[in-house]
Amino acid sequence: MAAESFTSQRQNFLTHPVSQYYFQTLDRQALAISDFLSESEFQRREAFYAFFQSFGLEDQMGIHFEIPYIANADRFHQGQNHLMLSICRDRRNFNERDRLILNLIRPHLEQAYQNIATLAQVQEQLIDTNQAIDQVGLIALSIDGQIELITQKAAKLLAKYCPLSKLSNALPDILQRWVNQQLSILIQSNEIFSPLHPLYLEHNGSRLTVTLNYHATLERVYLMLVEIQPHSFSLTSLEMLGLTKREAEVLFWIARDCTTHEIATQLAISHRTVKKHLENVYHKFGVQTRLGAVMYAFQKLGIVNF
1 MAAESFTSQR QNFLTHPVSQ YYFQTLDRQA LAISDFLSES EFQRREAFYA
51 FFQSFGLEDQ MGIHFEIPYI ANADRFHQGQ NHLMLSICRD RRNFNERDRL
101 ILNLIRPHLE QAYQNIATLA QVQEQLIDTN QAIDQVGLIA LSIDGQIELI
151 TQKAAKLLAK YCPLSKLSNA LPDILQRWVN QQLSILIQSN EIFSPLHPLY
201 LEHNGSRLTV TLNYHATLER VYLMLVEIQP HSFSLTSLEM LGLTKREAEV
251 LFWIARDCTT HEIATQLAIS HRTVKKHLEN VYHKFGVQTR LGAVMYAFQK
301 LGIVNF
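Each residue of the sequence shown is one higher than the one before, starting from 1 at the first, in our numbering.
Worth flagging that the hints you see were computed from the coordinates, not collected in a lab. All values derive from a computational prediction rather than experimental measurement. One should not assume that every hint holds.
As the list claims (entries may be wrong) - Listed next, the in silico SDA-like pairs over lysine to any residue satisfying Cα-Cα at most 25 Å (straight line):
| id | residue 1 | residue 2 |
| --- | --- | --- |
| 1 | Lys-245 | Ile-269 |
| 2 | Lys-153 | Ile-269 |
| 3 | Lys-284 | His-261 |
| 4 | Lys-156 | Ile-143 |
| 5 | Lys-160 | Trp-178 |
| 6 | Lys-276 | Gly-292 |
| 7 | Lys-275 | Ser-237 |
| 8 | Lys-284 | Gln-299 |
| 9 | Lys-300 | Thr-217 |
| 10 | Lys-156 | Gln-188 |
| 11 | Lys-160 | Glu-202 |
| 12 | Lys-153 | Gly-302 |
| 13 | Lys-156 | His-203 |
| 14 | Lys-245 | Glu-227 |
| 15 | Lys-284 | Met-224 |
| 16 | Lys-245 | Ser-270 |
With the hints as extra help, turn the sequences into a complete structure.
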């Protein structure tokens, strides 16, 4: 371990004859100090030799191998691209059997590190996936309606919009009844399942939309929960519906029960221009009356629901 701690320091590692040879040739076979330096040559490398001598060591045989990037690696492996595994002895007596054993070990070490890197990558991806899923309102149910998965987002939305069920692993009653209805249709139908209209739940002006999808192969039911915050009825929100600024202004005042004359005066335009803008609104919204235009805008902005 002492010799390992010495060679683990970069400046010492690069002066090691075996390491020098490896980085010059990338030859990964097992080699010893005695393959490069005689005893007298080894002794002339004073700092290098003195360290080994302080632990009574005379020789060292090692193998080098590359290691892949490992996510969240420990301090020893951080920034490492190559490692050296070595055996130290108090005399120069390494033989070809020792060399063969180290050469046979090397591919297994490389595979072990590759497995560690792959596992770390999978774990990192799994964490990212779980974090992403938790940002979505998703509930997975078995075909008999039992909850198998509920994301944090879905749990928060259910707590906000529905009285909680008395059972810890059950859906709120209103949602469970709707799911049962959907599953009943699914079981009785011989055709490809086509879900009914989504379930809408209201809370303080916000709307929760619940849609149901069935995965036939997995025999799983998935509920997707999406919360829609209503837009305020403003000129900006009306322009978001595809109206020009002037068309939005006309509709804005119509919603306040203003007459054509009042709108013309308010906007400093003619009666005919007001009517022309209103006709454009009718055409864009596919309606025929002022009330129809206002109600269309209210619905699209989530202010009212039908």
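Subject >> Numbered hints the structure breaks, given as an ascending list >> reply: 2, 9, 10, 14, 15
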